[in-house]
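Read in this note's numbering, the sequence shown has 49 at position 49, and its numbers run on one by one without any break.
If you are wondering where the hints come from, they were derived from the structure by calculation, not from laboratory data. Bear in mind the structure is a predicted one, so any value in this text is a computation, not a measurement. We treat Cβ as the ideally placed atom computed from N, Cα and C, and that holds for glycine. One or more hints might be untrue.
Just the calculated beta-carbon pair ranges, DEER-fashion [as the list claims (entries may be wrong)]:
1) W134 with P27: 30 to 38 Å
2) M166 with R122: 15 to 23 Å
3) R177 with L135: 22 to 30 Å
4) G63 with G146: 26 to 34 Å
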Amino acid sequence: MIIAVTGMPGSGKSTVSRALSQELSAPLFVMGDLVRDEVARRGLPLTAENIEQVATELRSRYGRGAVGVLLLERLKDIRAGYIVVDGLRSPEEVEALRSLAPTCVVAVHAAPLIRLRRYLSRSREGEKGFDTFWLRERKNLEYGIGNVIAMADFVIDNEGGIEELMASVKRIVEVIRNGEWKGRCGGSTEAH
């Protein structure tokens, strides 16, 4: 089973993804790492502009599910009960995963000002400043992230503290482990 985490920049999706990975003893794959790897492979500096340019180019050339297709190549030989994927941005990426295994989408939500504050306080390579935040915000919406959020099987409100966030993660893990996700989450009925 694949647990795909989505959310706007600064929502806390990476924190949720790491927690799900740890709770489920599942490998974690980060969609943005695939794009950053491609930027590095091309010998380009790891800047927000280059990351967005490469992501846009991949989607223009291979469709809106391009990064999902790249991910499928990495996932096809993984044998694990659960796989966590951080950072889906288009419905086509969700459908690519659902073609491989049952997939639950977890959306992480936080208000824009909270997300902006978090974004500005982190020190991720290629992410600098207010303008970059709004560029990423706009690009994510263009990719279709709003539709992915609307497809969510679970929604986590991440405007409280870390304890509340981890309690939400544990509730989702319980639903998944108990098999209560069946009929709730989409995708192939074959176990991965």
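Quick rundown of the hints versus the structure:
| no. | hint | result |
| --- | --- | --- |
| 1 | W134 with P27: 30 to 38 Å | holds, 33 Å |
| 2 | M166 with R122: 15 to 23 Å | holds, 19 Å |
| 3 | R177 with L135: 22 to 30 Å | violated, 39 Å |
| 4 | G63 with G146: 26 to 34 Å | violated, 18 Å |
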